[in-house]
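So the protein sequences, as listed, match chains S and L.
Counting in my numbering, the first sequence runs from 1302 upward without gaps.
Counting in my numbering, the second sequence runs from 60 upward without gaps.
Be careful, since some hints might not be right.
[Stated by the list, open to error] With a straight-line cut-off of 20 Å between C-alpha atoms, the simulated SDA-like cross-links for lysine to any residue are:
hint, chain 1, residue 1, chain 2, residue 2
1, S, K1409, L, G234
2, S, K1409, L, L144
3, S, K1409, L, K179
4, S, K1376, L, D73
5, L, K179, S, W1370
6, L, K66, S, N1371
7, S, K1484, S, S1306
8, L, K66, S, L1343
9, L, K66, S, K1484
10, L, K322, L, G289
11, S, K1409, L, C111
12, L, K248, L, G234
13, S, K1376, L, V151
14, S, K1409, L, R273
15, S, K1409, L, E107
16, L, K102, L, K179
[As the list claims (entries may be wrong)] Which residues of chain S face chain L? A few of them, derived with a C-beta cut under 8 Å, are:
hint, residue
17, A1320
18, E1322
19, G1323
20, K1356
21, V1357
22, P1362
23, L1365
24, T1373
25, A1378
26, K1382
27, P1401
Hints in this document: simulated from the structure, not taken from any laboratory.
For each residue, glycine too, the CB sits at the ideal point set by N, CA and C.
Next come the chains, spelled out residue by residue.
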Amino acid sequence: MSNYSVLKGPEAFLPPAAACEGVILPDPGQGLITGSVAHEDLVMEEAARQFLSAKVPTIFPGPLVLWNWNETAAKKATAIKRLYDVLKAHNSSALHIPMPDYRPKYPKINPEIEINPNHPNLTIWHNKIDVCMFVGVHCHMANLSLKIIRGGTDCYTIAMCAQAGHEDAMLTFRDATPEKINKLADTVERVKASGNFAVNNGSA
Amino acid sequence: MSKERIKINQEFYDIMPVEYQELVEEGTYGKEGRGWKDVGESKELIEEHSLCAGCPESIAFRYVLACLPAPEDTIMVGSTGCTSLVFPHVAVHNIHSLFGNQNAVASGLKRALSYRFPDKVKDVVVLAGDGATVDIGLDMTLQSWFRQEKFTTICFDNELYANTGGQSSGLMQKGFVAKMAPAGKKFDKVPLPEIAKSSGCHYVVKMTVSKPNRVEKAIREAILVAREVGPTYIQLYTPCILEIGKQMMEGLQEMRDSEGPNKRFEFEEYVSDEARAYLDTVNPKKRKRKKAIVTK
């Protein structure tokens, strides 16, 4: 069992891969909070607290949900939009900024309206984002983004992964489905109603 | 087919950057008779390129993309070189291969696509520089032609290794002195179009990109022949203005100066009998066109 915690950065220009520090991926029904395995319901509540206590909570939808590939992608888009609407109702500064594709755009992206996996820190810095969630991003590009963000920013990262999760996110889900995204939106509403969403984030 | 493949989920349409909205609304995917005249009229499949200002390769790239008969069903294979700087900005499926491997990768890709999509036409187009096509990748280039692999090979011939400082390449003209070839090229320009003919290519064109309508015809016919008959090859002169000491506005004139009678890029077209018969069935009227210089 690893003692390594995946905390908010800036950790270093090139932070160590959490997997190399002993962080393991969760099993089905579980997630990770700062690298530690936890039941998915607890992970939901922690994600809700992070979103609700953030100054600029942001969702980064990727190509797998931005484009209408199939019925599941369309349902996920609907669920993500609902989650965004819940966040926006709580905090008018909430954002959803797309990652339409992975091209290293030339000469540079417009960080106000999009995020690119090759320099995601530009969008984080420009919009002063302190909590973000990636969803619908291919895993290798999500890993790249998460490491760059942890290395150079103090943004709290959440990964809503359709596969096995991401060690380099501060909080990760696995096996994302439209139902799971809707459940997260429900959890945000429930935690908001309870009024108890203070968080205590460490830093690297 | 076509634009049905690239719908944006309605929940996110308003937050998508405008270039993606334009691609969906004004892109020429699935358009019958698409061609170079769409450049400037419709959304191009190349966003912004990272080549030098005035680089003839950039306009060649735009023509090629505008003239693909079915971009939504095309996969391009690139290789190391200036072309590989552009592919990241292209809205057509593409693969970057290791330097010189492009025709080997395209061979496997074409075969895999024919198994995976037996009822669909999938075009594979190799686009690489002269170093990848003629020097480092000559083995793979020729072997794919010998095997009669059904895809098109396009060589952007700038007659040297441009983005590494101007080393001599096999397609450099004899005696030419470049920054990193101070003693001058020692042997003749490799006659790859001639080699392509004798290696089994059914459609071979050598030309500059100074005349876009001619480029359009060559690209379209090469891809159609590759679908049904066999390998095709197009060699386009895209001079590196930096390495030959030209200004950014002089690229077009350099191409015009190089395509006159008996110049090294005088237009040449070879069409095998089989390919000619096929093209006559595809478009019989257009094939009764003005005579080009046809070599057999």
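So, going through the hints one by one against the coordinates:
1. Straight-line distance between C-alpha atoms of S:K1409 and L:G234 comes to about 41 Å, which puts the hinted pair past the 20 Å bound.
2. A C-alpha spacing of about 14 Å is found between S:K1409 and L:L144, which places the hinted pair at or below 20 Å, so the restraint holds.
3. Restraint check: the Cα-Cα separation between S:K1409 and L:K179 comes to about 37 Å, which exceeds 20 Å; the hinted pair is violated.
4. The hinted pair formed by S:K1376 and L:D73 meets the criterion: a straight-line CA distance of about 17 Å does not exceed 20 Å.
5. Of the supplied pair hints, the one linking L:K179 and S:W1370 holds, its CA atoms being roughly 19 Å apart against a limit of 20 Å.
6. A C-alpha spacing of about 10 Å is found between L:K66 and S:N1371, which places the hinted pair at or below 20 Å, so the restraint holds.
7. At most 20 Å may separate the alpha-carbon atoms for a hinted pair to count; S:K1484 and S:S1306 exceed this at roughly 26 Å.
8. Between L:K66 and S:L1343 the alpha-carbon distance is near 36 Å, which puts this suggested pair outside the 20 Å criterion.
9. Between L:K66 and S:K1484 the CA atoms are separated by roughly 27 Å; this puts the pair beyond 20 Å, and the hint is violated.
10. For a cut-off of 20 Å, the pair hint linking L:K322 to L:G289 is broken: about 29 Å separates their Cα positions.
11. Under the criterion of a C-alpha separation no larger than 20 Å, the hint pairing S:K1409 with L:C111 is consistent with the structure, at around 16 Å.
12. Distance hint between L:K248 and L:G234 is fulfilled; the C-alpha atoms sit about 10 Å from each other, no more than 20 Å.
13. For the suggested pair S:K1376 and L:V151, the alpha carbons sit about 26 Å apart, so the restraint of at most 20 Å is broken.
14. A hinted pair counts as satisfied when its Cα atoms are at most 20 Å apart, and S:K1409 with L:R273 does not qualify at roughly 34 Å.
15. A hinted pair counts as satisfied when its Cα atoms are at most 20 Å apart, and S:K1409 with L:E107 qualifies at roughly 10 Å.
16. For a cut-off of 20 Å, the pair hint linking L:K102 to L:K179 is broken: about 25 Å separates their Cα positions.
17. The closest approach between the C-beta of S:A1320 and any C-beta of chain L is roughly 27 Å, which is over the 8 Å cut-off, so the hint fails.
18. For the restraint placing S:E1322 at the interface with chain L, the shortest Cβ-Cβ distance is roughly 32 Å, beyond the 8 Å limit, so the hint is violated.
19. Because the smallest distance between the Cβ of S:G1323 and any Cβ of chain L comes to about 34 Å, over 8 Å, the interface hint for this residue is violated.
20. Given hint, S:K1356 at the interface with chain L, is violated; its Cβ is 20 Å from that chain's nearest Cβ, farther than 8 Å.
21. Given the 8 Å rule on beta carbons, the hint for S:V1357 is violated: about 15 Å separates it from the nearest Cβ of chain L.
22. The restraint placing S:P1362 at the interface with chain L holds, with a minimum CB-CB distance near 6 Å, inside the 8 Å limit.
23. Because the closest C-beta pair between S:L1365 and chain L is about 10 Å apart, greater than 8 Å, the hint is violated.
24. The criterion of a C-beta within 8 Å of any C-beta in chain L is not met by S:T1373, whose closest approach is roughly 11 Å, and the hint is violated.
25. Against a cut-off of 8 Å between C-beta atoms, the interface hint on S:A1378 holds, since the closest Cβ of chain L lies about 4 Å away.
26. With its C-beta approaching chain L no nearer than about 4 Å, S:K1382 sits inside the 8 Å limit, and its interface hint holds.
27. The restraint placing S:P1401 at the interface with chain L holds, with a minimum CB-CB distance near 5 Å, inside the 8 Å limit.
The structure does not agree with the numbered hints 1, 3, 7, 8, 9, 10, 13, 14, 16, 17, 18, 19, 20, 21, 23, 24 stated previously, though it agrees with the rest.
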